[in-house]
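S.K.: The chain contents come next:
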Amino acid sequence: MEWLIQILNSVQYGLLLFLVASGLTLIFGIMGVINLAHGSFYMIGAYLAFSLAELTGSLWTALPLGIVLAFALGLVLEILLISRLYRRDHLYQVLLTFGLILVFEEMRSILVGDDVHGVAIPALLDASLPLTENLSYPVYRLFISAVCLVLAALMYFTIQKTRLGMMVRAGASNAEMTQALGINIRWIHALVFAAGVALAVFAGMIAAPVSSVFPGMGNQVLIICFVIVVIGGIGSLKGALIASLLIGFVDTFGKVLLPELAGVAVYLLMAIVLLFRPAGLYGRP
Amino acid sequence: MLVARDLHTFFDSSHVLHGIDFSVAEGETVALMGRNGVGKTTLIRSMLGHVQPRTGSVRIAGRDATRLAPYRIARLGVAYVPEGRGVFPNLSVIENLVMAARPGDDRRTGWTLERVLETFPRLSERLQHRGMQLSGGEQQMLTLGRALMTNPKLLVLDEATEGLAPLIAQEIWHTIRVLRDAGTATIIVDKNFAVLSHLAHRCVILVKGRKVFDGPPAELSMQPGLRRQYLGI
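Going down the list, the protein sequences come from chains A and B.
The first sequence begins at 109 in this note's numbering and counts up by one.
The second sequence begins at 11 in this note's numbering and counts up by one.
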């Protein structure tokens, strides 16, 4: 039974990472931008959950509010800053988005402070499912997994089955031809970026009650998400999903089985995958 | 439909277009000719917003289009089939078509998915194939069909029959003829003077970024000297 708990934890952690990594891989795959600030959006999400839940009294009202704010933030950032990076070298992208990390951390420090916070699990989901006489599993973690799965399905549907998704994929392969068909590619790019921001912020918000809310939490997630993007193959959503789950399992079970190696387990996984598939699991070489 | 005046285009310091006037009337078919590297593609790209001319003006459908983004020009009723085709390799045939569908600038919807597939039956056998799995001829039909999905008033074809098997090229020419007869204005860049001389209302010839001939194809047919001098045929 203890195994079951570890498996559920792995899945939940992996799916949560997928929400962040999917935006990262899409932004890189479609616009070619390396966004170091993507982890900051996760951090912003967690702090938004904390502040908005205090302000409105409930995580349920905080969540939709946070998503709207995140989407707006994404649009503004893309139009003012990120859109200037598309034709530029990766060095400029890394410099600007690293600068954004500093700006976001400083803003967080000024607005909310440097303390560690916690967010209460909403009363509705604050329960545990009994597995055996003395083992149980928190309902809220199951809720996280379920929401992530729904979002992953929604993302797949939007990109593979809708006209908007076709335009996004067309723009990724040939932006000029897409424009020549009367499609405003700048608007598509802004939309993709804002959606990526919203997903990362949302991940931070729903994760807040189970992790805690602390300065620098974005950087941890950023590094692990880059590992996921590389393992999955840059630009591939399917790859990101599989890689996220792999990382979820390796990280969770690594901590249980080989605690002394836990820190390097995910990097070991990346090295092994790259040894056999240099472009990642679903990457195009 | 489209009037360009005194276009000068530069790539860095090299002067590619030297003050070209070019126009297409509604429903007119214009053949744009000249040897390789005289600026035909640059002229087209300068008129459609993909390249910024340094000076000169472009009016499309009565509106100033000189500094307009390519997508806005497309929405004025212009469909561009570039050299090298531009099929989206990662999209299926049907996705390539559906993503482009839009009513024309005056809401006309004469071209639907069904009609495009009727025009190019080979495409309907390949609907789920990806763009990259198509033969050259099929890719050309797909780009032409995709351009029609935007219900254009002006169709711009850059080397549409380049490298195609004669039978396939014939099919493309047939479609262009049908479009011409239906009143769609067309700019055609092609090397096949024999076909163009029957198809085009007017021929424009460029030499080194300048216009050296602008007149009916009959005039060119009667003057083999001009043809040899400018086109090498």
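Source of the hints: derived by calculation from the structure; they are not laboratory data.
Take the hints with a grain of salt, since some may be wrong.
What the hints assert, rightly or not - Residues of chain B clear of chain A, computed beta-carbon distances all greater than 12 Å:
(1) Ser67
(2) Tyr81
(3) Tyr90
(4) Pro92
(5) Ala179
(6) Val188
(7) Pro227
(8) Leu241
What the hints assert, rightly or not - Derived contacts from chain B toward chain A, CB cut-off under 7 Å, selection only:
(9) Ala84
(10) Arg85
(11) Phe98
(12) Asn100
(13) Glu105
(14) Met109
(15) Arg112
(16) Pro113
(17) Leu127
(18) Pro131
(19) Thr160
(20) Gly225
Ideal Cβ positions, reconstructed from N, Cα and C, are used throughout, including at glycine.
S.K.: Please go over all the hints and tell whether each is borne out by the structure.
M.R.: Hints, one by one, checked against the model:
no. : hint   : in the structure
1   : Ser67  : holds (21 Å)
2   : Tyr81  : violated (5 Å)
3   : Tyr90  : violated (4 Å)
4   : Pro92  : violated (7 Å)
5   : Ala179 : holds (22 Å)
6   : Val188 : holds (21 Å)
7   : Pro227 : holds (28 Å)
8   : Leu241 : holds (27 Å)
9   : Ala84  : holds (4 Å)
10  : Arg85  : holds (5 Å)
11  : Phe98  : holds (5 Å)
12  : Asn100 : holds (5 Å)
13  : Glu105 : holds (5 Å)
14  : Met109 : holds (4 Å)
15  : Arg112 : holds (6 Å)
16  : Pro113 : violated (11 Å)
17  : Leu127 : violated (17 Å)
18  : Pro131 : violated (23 Å)
19  : Thr160 : holds (6 Å)
20  : Gly225 : violated (29 Å)
The structure fails hints 2, 3, 4, 16, 17, 18, 20 (numbered hints given earlier, in ascending order).
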